[in-house]
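Asks: Protein sequence lines, in the order shown, are assigned to chains S and Y. Each position in the first sequence, counted from 1, maps to that position plus 39 in the working numbering. Each position in the second sequence, counted from 1, maps to that position plus 39 in the working numbering.
Hints are not guaranteed to be accurate.
It does not matter which identical chain is used: a pair holds within one copy or between any two.
What the hints assert, rightly or not - Only pairs whose alpha carbons sit at most 27 Å apart, straight line, appear in this in silico DSS-like list of lysine-lysine: (1) Lys349 / Lys323; (2) Lys167 / Lys43; (3) Lys349 / Lys306; (4) Lys139 / Lys294; (5) Lys275 / Lys67; (6) Lys230 / Lys167; (7) Lys67 / Lys173; (8) Lys294 / Lys98; (9) Lys98 / Lys139; (10) Lys329 / Lys167; (11) Lys52 / Lys323; (12) Lys230 / Lys288; (13) Lys199 / Lys67; (14) Lys356 / Lys301; (15) Lys309 / Lys139; (16) Lys173 / Lys282; (17) Lys199 / Lys173; (18) Lys167 / Lys262; (19) Lys67 / Lys282; (20) Lys309 / Lys52; (21) Lys367 / Lys329.
In short, the hints are calculated from the structure, not lab data.
There are 2 protein chains.
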Amino acid sequence: MTHKTLSQELLSKLEQYLSEINFGESPKELYEPLTYILSLSGKRIRPILSLLSYGMYQKDVESIMPQAAAIEVFHNFTLMHDDIMDEAPIRRGKPTVHEKWNANTGILSGDVMLVRAYDLLLHTPADKLHTVIKDFNRTAAEVCEGQQFDMNFESLSSVKESDYINMIRLKTAVLLGFALQLGATLAGASKADIDKLYDFGVNIGVGFQLKDDLLDVFADQSKFGKQVGGDIISNKKTFLLIKALELAKGEEATKLKSWITKESFDKEEKVASVTGIYNSLGIKELTEAKMNGYFELAFEGLASISFQNKEFYQELKALAEMLVHREK
Amino acid sequence: MTHKTLSQELLSKLEQYLSEINFGESPKELYEPLTYILSLSGKRIRPILSLLSYGMYQKDVESIMPQAAAIEVFHNFTLMHDDIMDEAPIRRGKPTVHEKWNANTGILSGDVMLVRAYDLLLHTPADKLHTVIKDFNRTAAEVCEGQQFDMNFESLSSVKESDYINMIRLKTAVLLGFALQLGATLAGASKADIDKLYDFGVNIGVGFQLKDDLLDVFADQSKFGKQVGGDIISNKKTFLLIKALELAKGEEATKLKSWITKESFDKEEKVASVTGIYNSLGIKELTEAKMNGYFELAFEGLASISFQNKEFYQELKALAEMLVHREK
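Take the sequences, apply the hints, and build the full model.
Replies: Structure (structure tokens):
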């Protein structure tokens, strides 16, 4: 017999809600990709965060299912467009939208998906609608800014640590912050608690991205979902590479730069060699320290938040801790 | 000495407002294309329609400048993304965004431009915000549907007249309808008048697109801004070609189809020959009759609308008539 946690129960209801949204019928070329990308599942972290933060202050959690779904729809819109820009062929083991259809379909279906996210936000009562759309707009623009910075970094030979942190804050962390802010705003929480929940989301978000960077190099291959070392192979400017480029001197610097510029190489050899450089520079420990700093900041802030329903507060904390300790 | 018409005065104020919008500073790669595409001017028909319809019922026309600007920003977002999908190198005599920068910039700057359109709509009072965003969302989704139908038609050997009319209604006409609906809604006009203004916009919009199709073949080259016959050269499925494919029989049908499939040809010869087929089938007259039907419907509806300020009503009528009779 399995006992569902609160998050799992909310997830079931959210999946049900998502599967019943009618985005539009015709033309099918426009609307099928929306259902398709949403069906590739994913963890639905963002909408669950909204539901949990709402539940900390109000009982009728299901009443904000449309707004929680809006965040997931928006998130998948960004994935659809990012996959075109990054020329990514695979998402969650399936062909990306522009691969399965074409780039034009990916652009246009993404556009209408963003409009549909706003449609779902319209379920907000009139007295809160302005605030919700304003916060959503700020977040959406920041996510675009983050993606543009990320693309800019690709062609730079060096990126400052602070610029990298700012990029991941914009590209991924602010949406987690907004998810929590949205739930608390809809629940009528105090300004102080709304702000603290937002900051909690942003801080765990930055930490999670640093964790992603770490796992890509140092994960246990038997537990990790994809090829360990993928970021090294593609020269992705992660926190690890940025720190290594900053700290490497002499021969080690030459060796690292030669791996980055080499056009043809043995993948395993490159991963082993660059990981060796990371190890000799203590990059893992430096990244862990940075990441843990964000996690500590996050949980310190969380501890000072007022709430009505302890069950939801504890579930939020447990979910975040689970993500902090994940191995894939 | 020149005397400015009401529309010209409103246009000056709108241009001023548009030029002062701060879309965002950083990263500049993200925000520069917004200012760039908006600076390529265009006639600003849509926001002027909003200002005129508002002015029919209220005095403080400038109070809705942000919402009028939102429509122009949205319209330019659709141009930015459509130009990528259509691989168009030139817009209003200047390089398109994806040509001047690249496709990824066009996608992402377009995305943030859509978000900024919603930002401008947030200047709407709380009691009308839900209606305005709902109407805008419906329109935005319809414009995407129209673009998808248009792309679908490219690969079809025949398109039904009714499907073509539906496509141009969605792709271009509903935004004119929404522009008028928005102004009247913000002004607190009656539901009946709002609906009639919307219908007026949609009907003139369908008529204008048929006019575009006609001018592309039958314009006076000395007055027309671009090469007459461009649609014939590119086999664009206009109302004219759709009707010709429907009506041509025997040798004429064979000749028309052979021009469409020919990969290499003399452009002038193709334009002259296809125009000849159109003439022998009476396509010009058929298209004019269809177009005039929409214009008549539009002006009949307009005549039945109630208003407070006659000056604005007359200016709206005059602007529409000017567009009906334009030669380029």
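Asks: Starting from the hint list further up, note which numbers the structure goes against and sort them upward.
Replies: Hint check: 1, 2, 3, 4, 8, 9, 10, 11, 12, 14, 15, 16, 17, 18, 20 fail, others pass.
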